[in-house]
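Trainee: If you're matching them up, the sequences are chains A and B in order.
For the first sequence, this note's numbering gives the first residue as 359, with consecutive numbering after it.
For the second sequence, this note's numbering gives the first residue as 359, with consecutive numbering after it.
For the record, the hints were derived by calculation from the structure and aren't laboratory data.
Heads up, some of the hints might be wrong.
Copies of one chain are not kept apart here, so a pair can be met inside one copy or by any two copies together.
In silico lysine-lysine, DSS-like type, Cα no more than 25 Å apart, as pairs [what the hints assert, rightly or not]:
| # | residue 1 | residue 2 |
| --- | --- | --- |
| 1 | Lys560 | Lys606 |
| 2 | Lys566 | Lys516 |
| 3 | Lys560 | Lys531 |
In case you want the letters, here they are:
There are 2 protein chains.
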Amino acid sequence: MFEQLGLIGCGLMGSSFALALKRAGLVRRIVGYSKSPSTTERARQMGVIDVEAPSALLAVSGADIVLLAIPVSATEATFKAIRHLVGPDTLVMDVGSTKRDVVDAARRVLREQVGSFVPCHPITGKEVSGVEHADVDLYAGKQVILTPIERTFTAQLKKATAVWTAMGCHVVKMSPQAHDAAYAAVSHLPHLIAFAMINGIKSQPHGKDYMALAGPGFRDFTRIAASDPQMWRDILLANREELLAQSKIFQQSLQSLEQLISGGNGDGLESQIRQASETRANWRVSSHKAHK
Amino acid sequence: MFEQLGLIGCGLMGSSFALALKRAGLVRRIVGYSKSPSTTERARQMGVIDVEAPSALLAVSGADIVLLAIPVSATEATFKAIRHLVGPDTLVMDVGSTKRDVVDAARRVLREQVGSFVPCHPITGKEVSGVEHADVDLYAGKQVILTPIERTFTAQLKKATAVWTAMGCHVVKMSPQAHDAAYAAVSHLPHLIAFAMINGIKSQPHGKDYMALAGPGFRDFTRIAASDPQMWRDILLANREELLAQSKIFQQSLQSLEQLISGGNGDGLESQIRQASETRANWRVSSHKAHK
Numbered sequence: 359m360f361e362q363l364g365l366i367g368c369g370l371m372g373s374s375f376a377l378a379l380k381r382a383g384l385v386r387r388i389v390g391y392s393k394s395p396s397t398t399e400r401a402r403q404m405g406v407i408d409v410e411a412p413s414a415l416l417a418v419s420g421a422d423i424v425l426l427a428i429p430v431s432a433t434e435a436t437f438k439a440i441r442h443l444v445g446p447d448t449l450v451m452d453v454g455s456t457k458r459d460v461v462d463a464a465r466r467v468l469r470e471q472v473g474s475f476v477p478c479h480p481i482t483g484k485e486v487s488g489v490e491h492a493d494v495d496l497y498a499g500k501q502v503i504l505t506p507i508e509r510t511f512t513a514q515l516k517k518a519t520a521v522w523t524a525m526g527c528h529v530v531k532m533s534p535q536a537h538d539a540a541y542a543a544v545s546h547l548p549h550l551i552a553f554a555m556i557n558g559i560k561s562q563p564h565g566k567d568y569m570a571l572a573g574p575g576f577r578d579f580t581r582i583a584a585s586d587p588q589m590w591r592d593i594l595l596a597n598r599e600e601l602l603a604q605s606k607i608f609q610q611s612l613q614s615l616e617q618l619i620s621g622g623n624g625d626g627l628e629s630q631i632r633q634a635s636e637t638r639a640n641w642r643v644s645s646h647k648a649h650k
Numbered sequence: 359m360f361e362q363l364g365l366i367g368c369g370l371m372g373s374s375f376a377l378a379l380k381r382a383g384l385v386r387r388i389v390g391y392s393k394s395p396s397t398t399e400r401a402r403q404m405g406v407i408d409v410e411a412p413s414a415l416l417a418v419s420g421a422d423i424v425l426l427a428i429p430v431s432a433t434e435a436t437f438k439a440i441r442h443l444v445g446p447d448t449l450v451m452d453v454g455s456t457k458r459d460v461v462d463a464a465r466r467v468l469r470e471q472v473g474s475f476v477p478c479h480p481i482t483g484k485e486v487s488g489v490e491h492a493d494v495d496l497y498a499g500k501q502v503i504l505t506p507i508e509r510t511f512t513a514q515l516k517k518a519t520a521v522w523t524a525m526g527c528h529v530v531k532m533s534p535q536a537h538d539a540a541y542a543a544v545s546h547l548p549h550l551i552a553f554a555m556i557n558g559i560k561s562q563p564h565g566k567d568y569m570a571l572a573g574p575g576f577r578d579f580t581r582i583a584a585s586d587p588q589m590w591r592d593i594l595l596a597n598r599e600e601l602l603a604q605s606k607i608f609q610q611s612l613q614s615l616e617q618l619i620s621g622g623n624g625d626g627l628e629s630q631i632r633q634a635s636e637t638r639a640n641w642r643v644s645s646h647k648a649h650k
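Just chain A, same shape as in the assembly (with noise of 0.2 Å):
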């Protein structure tokens, strides 16, 4: 049981998790800060939080639990701004898509508390955002990625998979390098992707008509093109080497497909298909397959 929760970021993920936390039994008080003060305001008001502190130094003072729930290019300037406050006993996590830019500024500014420090990354989200959306349920049955360093004290390791287990979370560890290598491939790619398509079609004279005629596959194709502009900018700027190798990767295996079209290959191309959508279907979501 933790005695008040600092959390830094009163947005969908940020409120999601402060729902949870007390849900779960695990908090007494939830003093919450957002860089918007309407949104901290609505986030009391919802009973999100207990109190709303002016700055993130003031939520996290008193907490022994912090959570930055922000874009990842907002990290370092939180960690400066909360450091003073930051000791030996507080756990302090965060919930970013990216982990290597977030642990190198968790490096920099906590330097010798930077032990305190769990990064994790929880593998859930909407297309939607703000504390509106937030959802009690959000975390519940999903994975959670823990990327601890060399310097990460144990007790404070042990205390997160305790939090994240307790709100229902398949806990994964692995090095901020394995992570955001992965999460280009099967995340941070899809989406720029996603975009890219959108965009394409709608440059197009028709494309808005194009649009119209599109059924549920495309529905479900382009749900994360829907995605939040501003947080999506920070990952794939934060990820952007091992972004880009896949994306290279990817438009090599485009290419070899477009390949066997023009040339009217209907054999290979008909085996390159089977091979995608044979590897597709034996592909559940990781989290079922823990909770079922």
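Add chain B to chain A, keeping to what the hints say.
Mentor: Then chain B, alone, in the frame of chain A:
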């Protein structure tokens, strides 16, 4: 009310059509044919068809409505097999995802009876195939695109419109050319991309591990990659010109995002993502618009 549906192809699309036509009270008897006799037998056992036909021609014998629910590449051969029994009062329809190739085949083979053929493309489907997934509600509330040509009989077009409408579909009419251009952009390209992305990930040494970490965004984005290989081979080949043109536009759009990323242009990137995000957020599956 039709006397007899001659169903050629008892897979997912054909079987679901048979069930829906029967439920709508529009047909007395369904005679079905599939290339594989075990599929035809299964369809009869499941009550999808009333009588098994040993050939496409015999399924058409005595039919006043005929549905071709087969891979588009089999269309021409099937027209050849049945043309002697297609009369001026027979309504012949298909459910193919491409229309120019189907219309060309109809012109070549059906000749003076081409007017009996109404080319159709219902915007529905599943990533699974086969009679065992037959679903009486597969077509309900969905768009169906009819692409009549100048020689299509008015009476047949009217009947086709009435059939789909009675099954709860929203009927849209356009030229085969306009159809193929639109669906290259919003259906064939997304499938091509999804196949390419899965193959690109699978080709990597850690590809399997990466996929094990993927979440709900990946799940929805790649759902269409599990589609039927033979059916999609045919579609991608049949509409290759429009598809390759769309793929080119897509790759240009992707590369312009890549340039913003590698150049670290945060503002430009955010503005491009915002355009995609807003476009997608304002889009709705069109059948929903029409029916809700």
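Trainee: Up to 25 Å between alpha-carbons, please classify Lys560 paired with Lys606: within, between, both or neither.
Mentor: Result: close both inside a copy and across copies, 24 Å intra and 14 Å inter.
Trainee: State whether the alpha carbon distance between Lys566 and Lys516 is at most 25 Å within one copy, between copies, both, or neither.
Mentor: neither (51 Å within a copy, 28 Å between copies)
Trainee: Have a look at Lys560 and Lys531 and pick one of within, between, both or neither, based on CA distance no larger than 25 Å.
Mentor: between (40 Å within a copy, 22 Å between copies)
Against the hints set out earlier in the document, a violation occurs for number 2 only.
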